[in-house]
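A.B. asks: Since the structure of chain A is already known, use the hints to place chain B on it.
Below are the chains, spelled out letter by letter.
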Amino acid sequence: MQVRVNGQILQFPDYTRVSNLLTFLHLQPEGVAVERNRVVLEREQFAQVVLTEGDELEVVRFVGGG
Amino acid sequence: MDSLQIANRSFHSRLMVGTGKYASFVQMRDALAASETEIVTVAVRRVNLDHVEESLLDYIDTERYLLLPNTAGCHTAEEAVRTARLARAAGLSNWVKLEVIPEDGTLLPDPIATLEAAAILVKEGFVVLPYTTDDHIVAGRLVELGCATVMPYGSAIGTGQGLPNPDRLHRIMDTVNGRVPVVVDAGIGAPSDAALAMELGADAVLVNTAIAKAQNPVQMARAMALGVTAGRSAYLAGRIARTPVARPSSPQTGLIGTSL
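Protein chains in written order, with this note's numbering: chain A, 19 to 84; chain B, 27 to 286.
Keep in mind that the hints were calculated from the coordinates and are not lab data.
Treat the hints with care, as some may be off.
Far from chain A, some chain B residues (derived; all Cβ distances over 12 Å) [what the hints assert, rightly or not]: (1) T109; (2) R167; (3) A249; (4) V271.
Taking lysine to any residue pairs in the SDA-like style, the calculated list, with each CA pair at most 20 Å apart, reads [claimed, not checked]: (5) B:K239 - A:V81; (6) B:K149 - A:V81; (7) B:K47 - A:R56; (8) B:K47 - B:E104.
Yeah, the Cβ is synthetic: ideal placement off N, Cα and C, and Gly gets one too.
The shape of chain A in the complex, shown without the other chains:
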């Protein structure tokens, strides 16, 4: 299955959940936010939401800024 994460195309097995994606990227769920197909997910949804072919994801965190 192909999904696009932060503009980059990545391959994942079927039934990959958002929490699996974060683990794969070595990210802690605290301090990141995920938008899936333009809808922002709550942190509690990470373990439930299953990715589907063609999903567009944005995974963000806080960086220094003014």
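C.D. replies: Frame of chain A; chain B shown alone:
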């Protein structure tokens, strides 16, 4: 107690500090501590997929500081709203520093898009602190929409040119008339600029570049705190009027060698 009230929260410090442009996270952490700020701004960006990065949040004690995510880099109202929603999901609060800045290199805000985004975000329950122009009509509209502050620029972001148009800021303060705090954001280059903003009646200032890019950011953070405190005290004390006529401070009578 002279405290700064924004939405439902109260702060001792009237200096907000940005977290961008420091040489290191350690330097940023030490500068934040020296500034005695209670509100720190952060930006929202994509995580790097290629390598694991150190987290900014490991250097910001969120018990001590309120995180204020910004929408910097957003060119349209839609992008700003999306970014604000992500920031709320990533963070600990529904506060957002709204910035909508066109891609024209000036870093001056788009007031119309800012108003559009503010209307949406206020409806969605955000506490909106909008970065805006020094136009009092726009400031008034932002207040009417339900924004928690207005944040006019002193001068353009990162220029350090201070407050070239204090009359414009005065006009904003008159229009806002205490309904929400006025925070001078952007352009402050030195503690004297911060003090002047506070003397004019600003409720707070936001500083990033002038601290982060100083030769000694930690020392400058402290100096900014002192500038803000001095300016606020001066505002409360009430400065004298300017006059073109010189008046001696010493008595003009009782001088030696004069005849009675």
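A.B. asks: Quick one, are K47 of chain B and R56 of chain A close enough, alpha carbons at most 20 Å?
C.D. replies: Answer violated: K47 of chain B to R56 of chain A is near 30 Å, above 20 Å.
A.B. asks: Between K239 of chain B and V81 of chain A, does the CA-CA distance stay at or below 20 Å?
C.D. replies: holds (17 Å)
A.B. asks: Verify this label for me: V271 of chain B is non-interface relative to chain A, using a Cβ-Cβ cutoff of 12 Å.
C.D. replies: holds (43 Å)
A.B. asks: Taken at face value, is the distance from the CA of E104 of chain B to the CA of K47 of chain B at most 20 Å?
C.D. replies: violated (26 Å)
A.B. asks: Evaluate the condition: distance from the CB of R167 of chain B to the nearest CB of chain A exceeds 12 Å.
C.D. replies: holds (24 Å)
A.B. asks: Is A249 of chain B truly not at the interface, in the sense that its beta carbon sits beyond 12 Å from all beta carbons of chain A?
C.D. replies: holds (18 Å)
A.B. asks: Is the nearest CB of chain A more than 12 Å from the CB of T109 of chain B?
C.D. replies: violated (8 Å)
A.B. asks: Is it true that the CA of K149 of chain B sits at most 20 Å from the CA of V81 of chain A?
C.D. replies: Outside the cut-off at roughly 27 Å; violated.
When held up to the earlier numbered hints, the structure conflicts with 1, 6, 7, 8 and fits the remainder.
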